[in-house]
Amino acid sequence: MNTIKIACAKGRLGEQSIALFEKINVGKSVDLKSRKLIFKEEGFEFIFVKPSDVYTYVKSGVADLGILGKDVILEEDGGIYELLDLGFGRCTLSACGLKGHTLYKQDGILKIATKYPKTTKEFFKAQGQEIEIFKLNGSVELAPIVGLSDIIVDIVETGSTLRANGLEVLEDIKEATARLISNKASYRFLNKEIKEFVAKLEGALGEAND
Amino acid sequence: MKFLTVNEELQYSKQKYKTMRKMEDIFLDKGYMQIEPTIFEDYDTVKNFADPDSFVKLISGNEIKVLRPDITTNILRKIIPNINTGESFKLFYDATVFRRKTKGGVRTTREVGVEWIGDGSNSTDQDTLLLALTILDKFSKSYVMEIGNSKFLSYLLKGAEAIDKALLIELIKEKNASELKKKLATITLDQDKLEILSLIFKLEGSIAEIKKVLSNVNIEDDLSTVLDELEILEKAIQSAGYENVQFDLSMVPDWNYYDGVIFQGYIEGSYKEMLKGGRYDTLTEIFGRRTPAIGFMIDLDHLVGIKSEVKE
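Here the protein sequences line up with chains A and B, keeping their order.
Residues in the first sequence are numbered from 27 upward in steps of one, following my numbering.
Residues in the second sequence are numbered from 73 upward in steps of one, following my numbering.
One chain only, chain B, in its complex shape (with noise of 0.2 Å):
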């Protein structure tokens, strides 16, 4: 980010620092608790969850380090291997991820998020994401939040020959219906679940909405038990007074190790999302032990660079 003045420089880092404090009391609130992720990771390592060549390199001696690209891996890198059963973690993190520009350069992006490890109860799904509506409303002015759940797409592309499979993701995530239309006349799959997928972008909104769309199909049993899931977690954020959430079952996640709900949440003047995550019980199971995981992440610096007004 580039300033004209200190003193422009100065009233940025105070309006952010602001703003990580309001969010840490929140995060403090709910019993959230502060971990300070490593600086530097093996290359070895990290070289399994992201693209080497985004990475920031340094040469140590013999070793090649990585200046942190993530800090999900991060702290699980610390905890999974660690935990008992039976015990669980609400952890927050505060830190600045590097990666390497395509033209040059690296990009730093200061990076708030939580992580909730270890508990396997019902109600974490539903209680994280009543945190991430918490902070999307008290951060904006007006928000929409979309929720989806990474599996729905995985069991109805479940039989899809593996190059079907990717192109098929690919339009569904660009919405391409047009597209998307011509490629199912070709590929062969469960003809229930070429009708949902022929479907598949009209099954957004309210959950009632989408059983309507859904009414006169065959559902098989794991698409509908998605279905019962997110309603349960509708009524809870109903409950609690939210209302700017849309349901969206095409949502693909960005990240592939999400394993179950996903969301991404929008802050009015801000063109893309401002806060992202999700379910990923499986990215913990390459740590060690498959462990129940679900967090989401925020850019700071996006936040602050809209301006956005913080609610007292």
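Same shape as in the complex, but just chain A (with noise of 0.2 Å):
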């Protein structure tokens, strides 16, 4: 039987993955309180990577699918299937400050901190407004703050960290929701298997909803 390499991200969607590989009957090998990082089991192989790294784990096809939130494929160049939103780890890509600053600068240059160049330079592209980018690798909601950007452009869940550092969000760019995505090649060779595997998270998703 053909084995299906899933790379989960660590942390809390990893957590929300395998609760909803669970209702399939899928993911019984995985710990999520040790250390290990691939767990193996009938059918299936999990590995348990960085967030970020999980699109290159199946980009290369060490990795034949991954969930990862939309937000990280924005930033990616393509290359791989999204076969199915997933609809946890539900976020707003937003861009925000201090409260009240304006977004847009006429005659001037924006200056923006941010983990999303990609994005950010796409959404004020098309708004027209000049920028300058910043990329931070975390605690973004600092930038401003101590004058390195006038906005950030960063995920926002409830908020609550935003308004701990006195910002708020200016205008909302894109929803993000954990995607699985597919490696191409392991798409053609574990065609049926996948299929089969997408149709039943589908049916667990489906009465999720009901």
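Think of the hints as simulated: they come from the structure by calculation, not from any bench.
If you're wondering where the values come from, they're calculated on a predicted model, not measured in any experiment.
Not one of these hints is a red herring.
Restricting the straight-line Cα-Cα distance to at most 25 Å, the calculated cross-link-like pairs of lysine-lysine (BS3-like) are:
(1) Lys85(A) <-> Lys274(B)
(2) Lys213(B) <-> Lys210(A)
(3) Lys237(B) <-> Lys144(A)
(4) Lys245(B) <-> Lys210(A)
(5) Lys274(B) <-> Lys210(A)
(6) Lys226(A) <-> Lys274(B)
(7) Lys137(A) <-> Lys175(B)
(8) Lys210(A) <-> Lys254(B)
(9) Lys221(A) <-> Lys254(B)
(10) Lys283(B) <-> Lys226(A)
(11) Lys141(A) <-> Lys175(B)
(12) Lys245(B) <-> Lys147(A)
(13) Lys141(A) <-> Lys173(B)
(14) Lys221(A) <-> Lys255(B)
(15) Lys151(A) <-> Lys175(B)
(16) Lys283(B) <-> Lys218(A)
(17) Lys161(A) <-> Lys175(B)
(18) Lys223(B) <-> Lys210(A)
(19) Lys210(B) <-> Lys210(A)
(20) Lys284(B) <-> Lys218(A)
Mind assembling these two chains? They're in different frames, but the hints should get you there.
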């Protein structure tokens, strides 16, 4: 029997992924409390990696499928199939800043700190706003407070982190949820297995919405 | 490609040479002749076919030359203006192409491919596909080929607004069922076409399976014809004994000039396609005269890098 290798994100996204898999009797081998990063069971192998690395593992074919946020997918340059919207991990990519800060500088360059340079560039190009990007890897909320940038583009869930730092959402850019992605070659070689797996997941998601 | 020792590099070269020789034998056996593409192209000619930022440019006196970025257009430029009615050429090539890497530096890709130009008979599609399958079969432990037809989506999306079309194609290319469903609810298009689009990712597998999915749907003649042509192809492939083929009507060609059957081959151990091709009559118009043309290309370094066994 062919094994499907799935790259899951460590952390909350991974926990929610396993919770979904359990509804279709998959993922029993996974022990999220252990420090192990690889779990094997009949028909499946799970590897746990940093969320931003799920794409790399799937694109390179080391993993056949992967679960990651749409926000990360948007920053990459394609080459994979996006088979299913899993619905969980919902958040919004938004432009945020100090209360009341303006989003559009007519005659100026808007300085933006973000983990998402590609998405940010595309959004503001469409708005016709000149920008300068500061790519950060974390604690992006600091940037406008210490004066590194005018605003930030970051994912927002409840908004509590923003509020705690005196920031607010200025404009929503894109909604993001967890997606199931597939390597293109794997999709062909494991076509039956992958389609069956996706159908079962759809069933489980459908029930959740009833 | 980097090697630790000279010996390693020579071993790799030897393997590449062996692979290439065997491939050439197959091509020669099927009546293909080798063509040598030119090394330099004029910037003004090539800039219309690919992103100029990806070119490796050289300044020679007052002229800007480009190291060949692509072989197919190189060959067409030579052949199409000089081809006479009734003439046809089966050509193969083995050449390096050059592209600029976005972060600087030059990427060289050794491409091996075939082009069958000028033959308008019905069997060219199936003969070319069978040749591609022969190559995939010979140079791998196991392979899968996906076959589609660019006309299917073309006809299906005729009548959609240009902006909608672009987004729909992108979503179909990603097999993004969830977002496609949402987008379809917002566009205006013929009801029958919308229904087929809602089923697009199920139009995969054998032609019989695909026809079953469409059994209760109204399909216009253009789409029906594409299906029937693919069915004839399927029969020819089965008769020749090849099994690992999946038809996929949601296939989006990664090259604008494909205009008819399109196909990609994957071999075990490879994370991306090894072989890709299709019919591209449309491109020949630009070189002077619409001429039947079909071909495919293999990334030789990628194939050799996988160290796949060659069946004797």
